[in-house]
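S.K.: Residue-level listing of the chains:
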Amino acid sequence: MKQNNLIKLIFLIPFILILTGCWDLKGLDRQVFVIGIGLDVSDEKGKIDITYLIANPEVGTSFAGGGTEEDTVMTVTMRSPDFLSLRHSVNAAVAREISYDLLKVIVVSEELAKDEEFIRFLYSAEKDREIKRNTYLIVTKEKAAEFLSKNDPKFLTRPHKFYENMIQRGIEVGFIPNSELHHFFRVTEEDANLFLATYATTNIRQKEDEYRINEMDALAGDVRIEGETNSANFLGAAVFLEGMMIGTLTGVENRIVMLLHDASSITDILAPIPDPFHEDYELTVRIRKQHNTSVEMNVHDMPPKIHVTLPLTVDVLTDPSMENPVDNKKKVEKLRSTMEEFMETKIMALVEKSQKEFKAEPFGWSLYARKEFKTLKDYMEFDWMRTYPEMKIDVDVEIRFGQFGRQPKTPSYKGIRD
Amino acid sequence: MNAFIVIAVCIVFVYTVGFALSLWKQKNKIGAMAVLFLAVIALVLPYFSYFQS
Amino acid sequence: MFKVLKKLAGKKRNKRPVGSEDTLASQASTKDQSISYQIEDNIKQVKKIFHYPDNKDIKLRECKIGASEKRVAIFFISTITDVRTIEDSAIGPILKNKHPDATIKEMIATQNITHLSTMRDVVQNMNTGNAVIFIEGETSAYAFECANFQGRSVEKAENEVVIKGPKEAFTEKVVVNLSLIRKRIKNEDLMAETVTISTRSKNEVFILYIRNLANEKLVDNIKNRLKNLDVDAIQNLSLLEQYIEERPFSMFPSVLYSERPDRATSFLEDGHIILLMDNSPDSLILPATFWSFFHTSDDHYLRFIFGNFARFIRAGAMFITIFISAIFIAVTTYHSEMIPADLLLAIAGSREKVPFPVFFEILLMEIAFELIREAGLRVPNPMGPTIGIVGALILGQAAVEANIISPIVIIVVALSGLTSFTISDVSLNFALRIIRFIFIFSAGLFGIFGMTSFFVMGIFYLTSLKSFGVPFLAPMSPHYVASGDTIFRRVLKNENLRPGYLKPKDMKKKSDEAVK
Amino acid sequence: MKQNEGKIGIRDYMAIILLTLGSKVSDDTPTLLYKTAKNSAWISMLGIALLSLIPILFLLKVFSVHRNKNLHEINLHLFGKVMGNLISMGVLLLGFSSFVLDTSVYVDIIGSMYFTRTPTLALYILMLVVCGYGAKRGIESIGSAAWLTLFYLKATLFLALIFAFTKGNLKFIFPLWGPGTLEIAKTTGSKLSIFADFYFLGIIAPLVSSFKEFRKGTLWAFAIVVVEITAALIIFVILFDFTSIEVISYPFHETILYLSIGFLSNVESMFLPFWLVAAFIRFSFYLYLVVTLFGGIFKIKEFEYLVPVFIVIVLFLGIMPKNLTYTLPYLREMILGILSPLFFILPILMWGMAKLRGDFKREAEQSH
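Protein chains in written order, with my numbering: chain A, 25 to 442; chain B, 24 to 76; chain C, 31 to 546; chain D, 77 to 444.
A hint or two may mislead.
With a straight-line Cα cutoff of 20 Å, these simulated PhoX-like cross-link-like pairs (lysine-lysine) come out [as the list claims (entries may be wrong)]:
1. D:Lys377 - B:Lys48
2. D:Lys375 - A:Lys401
3. A:Lys416 - A:Lys353
4. D:Lys111 - A:Lys398
5. C:Lys533 - D:Lys111
6. D:Lys243 - B:Lys52
7. A:Lys313 - D:Lys247
8. D:Lys375 - B:Lys50
9. D:Lys83 - C:Lys496
10. D:Lys377 - B:Lys52
11. A:Lys313 - D:Lys83
12. C:Lys383 - A:Lys50
13. D:Lys262 - A:Lys398
14. C:Lys535 - C:Lys247
15. D:Lys247 - A:Lys395
16. B:Lys48 - D:Lys375
17. A:Lys401 - D:Lys111
18. D:Lys243 - B:Lys50
19. B:Lys52 - D:Lys157
20. D:Lys83 - D:Lys262
21. D:Lys247 - A:Lys398
22. A:Lys401 - D:Lys83
No lab work stands behind these hints, which were simulated from the structure alone.
Note that the structure is predicted; figures quoted are calculated from it, not measured.
Sequences and hints are given; from them, build the entire structure.
M.R.: As structure tokens, then:
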């Protein structure tokens, strides 16, 4: 018995040794890492122009062997039916194997995103094992190829770092939506909602009068930013319905969507809003959402009604009119009512825009509707998409004041000017 | 690869037949037949499933 | 098939050793005689057996008893006896004897004196350092103890170092070792039986156990195994270990080897059995489980949290030493997506100028490390550390500068080498180092899939392993009632049970009152 | 102390069940449920659990009077020599085919999700060699290995599920009744055999140290497994929503592909080894069961010598289905469909036979 085991073991060794093939082996130094994939319309039907943004691993490392003066990135554009076959065809120009391990973004030009065919190309991403569902989708105003090659981040020499940080920060402050492919597929398949994708451009307007000044209620490219900084802007959202781009949202609109949507991870928003005490000035407030939005729905009425209550905690951080609202109950009330009104109008404008212009909603309210139905069949018959534009929606903002800055009181303006 | 598979299958076949023989000697004839049957299946099966496709 | 193989395997085993014509037999036949009435014959006989006077340290002193004028012959081997004792307590009193009727027992002033009736006993006594006295006209001889073997004195433990706790270690003299243990267990139930295990050199093994604790079956099993050994000579315990273990080809040791009397004692108190032998500055503890190799005495000498912290570190080190090189290979060649982006680029960047694939690079450095290690061990003492520094630092640095090895590989290999030193048990240490290479191969061939396959096979192997009937991973699995001292230990007060896998006669280590 | 040679304790026994049944969340079992029960798969799972309890309890009842017999011996005892052997043979055949299908599903997962370029055959051989080695080492070794690794395997699974839960949206489980109660009931009926493994566990019943532990272990493990699978089913839904979940073939792997934990953005290769260990132990156990049952039917005592030949047969049967991703679910469903009624009826039948033969009365007399 014991002897036999030994013999078995001896049998096993060649099993393992001979069977080995190293089939999936890929040396790190024999790969190049794609950080971003750009998709553009091509004039040939069934094909698209695909651009790879490839990182140079040697940049940013300091080794005894001596550094190099090579470029940080390179871009390659080729025409291809999808981005699976391209991985090999691109080797005509690129020396090493293409790896998607570091793939962070898929960039789509607005032109292609608005094309009906777009969804066909994007779905090949779900088939490729190496493309992760947490890759971000970015829509650019110009051609994706142009965006990728023109974008020249400052300070962040590693391109993946740039995209990672830019998107992370953008989502945190609410300028851009969380546009993971996972959500794209999910929303598209659910077929009831709008999907929001990050909107970005390097095509910054040059004419003075077309700039918007110091306000985020704009799309990427429309904001005036001076000085030498990154050549790309990430602001606002591209709106997708059934896998096709149908419009855009500005930065502020995107923030509203994220505030209303429970699933978004927005933590706090710093924003200027009009000072109720003095027309010329704006107060800076920090808006935090501490509870989930409460959505009451009556789907059995015709038209269905939705009542949304948005509980917000607001810290008033500046007081340019130097009115010291903290002291005075009346002033606080005034502040509250004007603020609520201001927000409600902003929100209602967006809701109306979604009902009229997009005919679908990005707020995730269909999820609340689901609770009202017992089975999927009932829910399908209700047809959220068709019903939504006719719904009666009203939004109620409830503000609780938090802190009033580090030092709640300011000396009164008049007192100083005396 | 193929050669290796053939050799491995043959080794297993011989091994199992040996076992069947020893069962036969232990007067467990049904068992021996069953094991022999398995061994034959193991020998023939690769032909149909692996080498034909 | 398997029958044939069995036969083949069996045949190899039963091969008779070539040229087994035994001179041992003739040696034995001369010894089988009884002691003669004639002292002349006896002296001649002993002289013949010991090849006196060719054998230089065999001494014979002939004299006559002072009063009765009987002839007396005293034999001893001068190099292993205390000559002074012989002079003072035997030769002196015999010569100065005044009473003609006095027996030899009345004359000699040593602690004990034994009566020998065959030549075999005579030879054996002389070989163990006793002096033998023949007296004219008597058919028996007398032996008295005066053995004095040379050896070291008790020194510090070198391989199993502790920070806190006793420092003394076993020496090559079994008497000293036994005394070190007796010093710790002052109990008449501590048994120290001897078994002679070799036919030519007559090596003796002391089997130590506590009578009312250790399982009798276990003791009998081990005694039988020792008695059944049929070898000419087993010099010391390290060799004996290989004779009595069940799986000589196994990667894992099944007998614990310790040079610390305190450690041996604590195992004795748990119901284990200890083997001691002359010429071995250590003890064999059996049965041994995986955990006993993993533990050190320090774990219990240090306070609960510190001891467990040490264990935690050691467990981590064990994991690292086995896996890190393999993981590095698997991850960089098969699963590069799991490396964080910056690190991935850093590794890829550093590898651009390196000529070898990762697998080969790691293998190269691991082998280099093992070379340095082996060299450092064999080099004369003062040069040892120098070799280490030269090897590790200079070689590594130069290899990186010459773009032969990427710097990250140096980190990985250094880490895996460094962590391997945390396992103090020599056998386990070797096992881990070899297993590391197997993992490196499996990772190079199948990535994480290969590693996991091998790992699972290892687990299956470990769980089926037994040391003298005790599962290797007990009491963790299969579960036994025990003090719970496996990866982590408990508070000392709560470790109040003996390990159940030994089936000790008394499970409770402490009575409840003592705990309170 | 209590452990005799060749027997396993309650820990090892439970660990085996938890690994073999618990790892069903990570193969294509969820997909089969989602296919018809959609987002209410977890409800149908609870239904299956409730329904499975009946045969399991009957089975335990039967085992309680035949403590030293294994499944095959009980079959012989209850149904007579011919019928008993036939039933055991049928059970063996079904068990064997589901073993073949399960392994090929796993190999398909490994091949399509992690080792895309490695030939299936190579993966298959390596996996079966490891499992064969485990099966040859015997039930004690498998049990010990299961118990040793159980904690780590479950901890990582738990971690993955927790992270998935934080990423998901709980509202996706609505509408609660999914495709309607009828569909859910249908799913419950046809997929009952998810717990058919409990029937096969009867093969090792006498190897558990005592019947009390066998019963306790079975019931506890059953409860834990039900909770585990239900939780996983809910979590997959709230992560992917009912539309996507239908198209995903291996939800667990899709989940770990999507997850990112802290600074590690791709963690699937970190979960892979743990999942693999579970798979190896699971299939070692299955192989052991199949070989033991075969040995039992044909009275072969040294059944471990059969392992190599079974490996070869499984291997070449497993690679046979062409176009794995299309035929596998179909075959799997077929086997599950056959097993479901059998799993429900056989134990009741066994109980009935035992009742007829008066086994229970004798037991009662003995206890007095």
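S.K.: Under the criterion that the straight-line Cα-Cα distance not exceed 20 Å, is the pair lysine 377 of chain D, lysine 52 of chain B satisfied?
M.R.: Distance of about 13 Å is within 20 Å: holds.
S.K.: Please work out if lysine 48 of chain B and lysine 375 of chain D have their alpha carbons no farther apart than 20 Å.
M.R.: holds, 14 Å
S.K.: For lysine 247 of chain D and lysine 395 of chain A, compute the direct alpha-carbon distance and say whether it is at most 20 Å.
M.R.: OK: lysine 247 of chain D and lysine 395 of chain A at ~8 Å, within 20 Å.
S.K.: For the pair supplied as a hint, lysine 401 of chain A and lysine 111 of chain D, is the alpha-carbon distance within the 20 Å limit?
M.R.: Since the Cα atoms of lysine 401 of chain A and lysine 111 of chain D sit roughly 15 Å apart, the hinted pair holds (cutoff 20 Å).
S.K.: Are lysine 243 of chain D and lysine 52 of chain B close enough, with their CA atoms no more than 20 Å apart?
M.R.: The hint is violated at about 61 Å.
S.K.: Is the hinted pair lysine 243 of chain D and lysine 50 of chain B satisfied, with a Cα-Cα distance of at most 20 Å?
M.R.: Status violated; Cα separation ~64 Å.
S.K.: Does the structure keep lysine 52 of chain B and lysine 157 of chain D at a Cα separation of 20 Å or less?
M.R.: Distance ~17 Å between lysine 52 of chain B and lysine 157 of chain D Cα, so the pair holds.
S.K.: When you check the alpha-carbon spacing of lysine 416 of chain A and lysine 353 of chain A, does it fall within 20 Å?
M.R.: At roughly 34 Å apart (the allowed maximum being 20 Å), lysine 353 of chain A and lysine 416 of chain A break the hint.
S.K.: Within 20 Å, alpha carbon to alpha carbon, are lysine 83 of chain D and lysine 262 of chain D?
M.R.: violated, 40 Å
S.K.: Holds or violated: lysine 83 of chain D with lysine 496 of chain C, Cα cutoff 20 Å?
M.R.: holds, 15 Å
S.K.: Could you grab the alpha-carbon distance between lysine 111 of chain D and lysine 398 of chain A and see if it respects the 20 Å cut-off?
M.R.: Holds, at roughly 19 Å.
S.K.: Is lysine 313 of chain A within 20 Å of lysine 83 of chain D, Cα to Cα?
M.R.: Roughly 59 Å separates the two Cα atoms, so the pair is violated.
The structure shown violates the earlier hints numbered 2, 3, 5, 6, 11, 18, 20, 22.
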